[in-house]
Each structure stands twice: as C-alpha cells, then as structure tokens.
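**Student:** Sequence:
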Amino acid sequence: MEQLTRHDPRRIGPFEVLGRLGSGGMGLVYLARSASGRRVAIKTVRTELAEDQLFRVRFTREVEAARSVSGFYTAAVVDADPRAAVPWLATAYVPAPSLEEIVSECGPLPPQAVRWLAAGIAEALQSIHGAGLVHRDLKPSNVLVVEDGPRVIDFGIASGVSTTRLTMTNVAVGTPAYMSPEQARDSRGVTGASDVFSLASTLVYAGTGHPPYHGANPVETVFMLLRDSPDLEGLPEELHPLIEACMRHTPTERPTPADIQARLAPHLFASGDDSGTASAWCRRT
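Numbering (the UniProt record's numbering), first residue to last: 1 to 285.
Note that these hints are calculated values from the structure, not bench results.
A hint or two may mislead.
[To be verified] Pair ranges (Cβ atoms, derived):
{"hint": "1", "residue 1": "189", "residue 2": "240", "range": "44 to 52 Å"}
{"hint": "2", "residue 1": "148", "residue 2": "267", "range": "14 to 22 Å"}
{"hint": "3", "residue 1": "219", "residue 2": "60", "range": "26 to 34 Å"}
{"hint": "4", "residue 1": "215", "residue 2": "4", "range": "20 to 28 Å"}
{"hint": "5", "residue 1": "266", "residue 2": "188", "range": "36 to 44 Å"}
{"hint": "6", "residue 1": "188", "residue 2": "218", "range": "13 to 21 Å"}
{"hint": "7", "residue 1": "245", "residue 2": "3", "range": "42 to 50 Å"}
{"hint": "8", "residue 1": "107", "residue 2": "241", "range": "32 to 40 Å"}
{"hint": "9", "residue 1": "34", "residue 2": "229", "range": "24 to 32 Å"}
{"hint": "10", "residue 1": "22", "residue 2": "219", "range": "40 to 48 Å"}
Ideal Cβ placement from N, Cα and C applies to all residues, glycine included.
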C-alpha cells in the first residue's frame with residue numbers, strides 16, 4: 001500500500017481513506033475503512049470517464065447488477081455512488097496476493113493447482129454471469145489467491161468503459177494478452193463466452209508463466225490474437241484439452257462455467273488434502 005498524497009481524498013462516501021492500493025484504466029484504487037472498522041477497496045473513476053454521460057448511465061446499471069453477485073469466489077460489492085462527482089465502487093477488501101504476483105514470485109503452478117484455480121474462477125464467473133454481467137477484464141492481476149480459493153475482483157465495471165470513445169493505447173477494456181478474439185473486434189457485444197476465453201488465457205499464465213499471446217505492444221498482441229494459435233509452450237499436456245476447448249475462436253463452441261466445473265470435479269481433491277491449491281504449492285517453494 002502506498003501513502004496518500006496531498007491530491008488524494010481523505011474520505012470517499014462514508015469511508016475513511018487509508019492509502020493507495022494501485023491504479024488502472026478506470027482510475028485509482030484506495031484502501032479505506034467504515035465507521036465500524038470494516039476494510040474495503042474503493043475504485044474511483046477517472047475524470048474523463050466521469051464526464052461521459054453514456055458511461056455514467058452504463059456504470060450505474062452495472063453497479064446495481066454487481067450488488068446482486070454473492071458468489072463465494074468473488075469480492076462482494078459493499079457500497080457505491082455512480083452519481084458522485086467522482087464515481088466510486090467499494091468492494092470487500094481481500095488481503096491476498098494476486099495470481100500474477102504468485103506466479104512472478106513462485107513460478108508456474110503445477111497442474112493440480114491450475115485445476116483448483118480453474119474450478120474456483122469458473123464458479124465465480126457463474127455467479128457474475130447469473131447477475132447479467134460479463135467481466136470483460138479477467139486476468140491474473142484480477143484473481144486474488146486466498147487459502148480457501150481464488151477471488152475474482154473488478155467485475156461489474158468494465159462494461160461502462162467499453163462504451164466510451166477510447167483508443168487502444170489508453171484504456172484496459174479488457175487486456176489484449178487475455179481478451180477473446182470477439183472482444184478485440186468489438187467489446188460491446190461480448191457474452192459470457194468471452195470470459196471463458198479469458199479464463200483459459202489466465203490459466204495458461206498460471207501454468208507457464210506467460211500469456212498465450214504476447215506481442216511487443218498491445219496492437220501487435222491483438223493482431224496475434226486474431227491471426228495466430230495461442231502459445232501453449234510449457235503447459236503440461238494434461239491441461240491442453242481444457243484450455244483448447246475454452247479458447248475456441250467460435251464463442252458458442254466453448255464450454256460454459258458450469259461445464260468447466262463438471263469437467264474438473266473428478267480431478268479435484270481426490271486425496272482429501274489441499275496439496276493442489278496454488279497457495280499451498282507456493283508455501284512449499
């Protein structure tokens with residue numbers, strides 16, 4: 001966590017701001033706490049987005065839908081004010097490293113840990129899609145790894161961004177290395193199948209340490225995504241069937257999150273221990 005600067009707010013809505021957690025295409029993210037001491041992560045919206053009325057309408061609708069997401073593997077929405085001068089969204093604070101941080105520190109995860117992540121993230125997507133949302137920016141930095149399973153964060157906010165007039169160079173309406181081909185073409189009409197593709201891309205990173213598409217810049221990465229087969233070098237062969245099914249270019253040919261869970265169920269925790277979990281594996285390195 002970074003210290004606040006003189007330009008940062010000391011309060012956002014009913015919350016006392018404690019420090020900066022980071023920044024992204026939407027804006028800054030703060031750690032804050034309620035009057036009762038509950039800690040939350042608050043994502044604020046950049047000025048140029050806040051001034052876009054179409055964004056505000058879409059963001060308001062998405063926030064209301066996100067409030068109904070209650071899956072175990074998601075970070076629940078606690079509060080929000082999409083009509084504030086600086087719109088914001090507060091979610092439960094999860095004090096855990098991201099999948100990106102774990103792989104960067106510990107290296108690629110073994111197959112059983114990748115399956116464990118896949119099942120939890122798929123269940124999170126089922127909850128998100130059930131609320132009528134599409135994540136649109138599922139990637140390793142948006143998956144936090146807790147002892148009892150992954151937590152998917154930052155759902156319910158990317159759709160509003162996708163309707164604004166932004167270029168490839170200044171926004172993460174999805175991240176090119178992890179987005180689906182249809183999202184690269186036009187992010188406005190994507191379905192939950194796009195998140196399934198992003199799930200597979202995230203699992204490739206978990207199992208290899210690199211994304212399936214990695215060009216010299218975002219534009220080159222998108223060209224590779226639309227033209228080339230994914231780079232699965234280093235991915236254990238036993239994971240290929242699941243990954244390849246989820247990365248089919250035709251969205252309707254991909255499995256649903258429920259299909260993924262059913263496919264993984266026979267392989268998970270057969271021995272009744274946690275040896276396959278990403279957090280347990282990282283402790284042993």
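**Student:** None of the hints should be skipped; say for each whether it holds.
**Tutor:** Results for each hint:
no.: 1; hint: 189 x 240: 44 to 52 Å; verdict: violated, 29 Å
no.: 2; hint: 148 x 267: 14 to 22 Å; verdict: holds, 19 Å
no.: 3; hint: 219 x 60: 26 to 34 Å; verdict: holds, 32 Å
no.: 4; hint: 215 x 4: 20 to 28 Å; verdict: violated, 36 Å
no.: 5; hint: 266 x 188: 36 to 44 Å; verdict: holds, 38 Å
no.: 6; hint: 188 x 218: 13 to 21 Å; verdict: holds, 19 Å
no.: 7; hint: 245 x 3: 42 to 50 Å; verdict: holds, 46 Å
no.: 8; hint: 107 x 241: 32 to 40 Å; verdict: violated, 23 Å
no.: 9; hint: 34 x 229: 24 to 32 Å; verdict: violated, 48 Å
no.: 10; hint: 22 x 219: 40 to 48 Å; verdict: violated, 25 Å
The structure does not agree with the numbered hints 1, 4, 8, 9, 10 stated previously, though it agrees with the rest.
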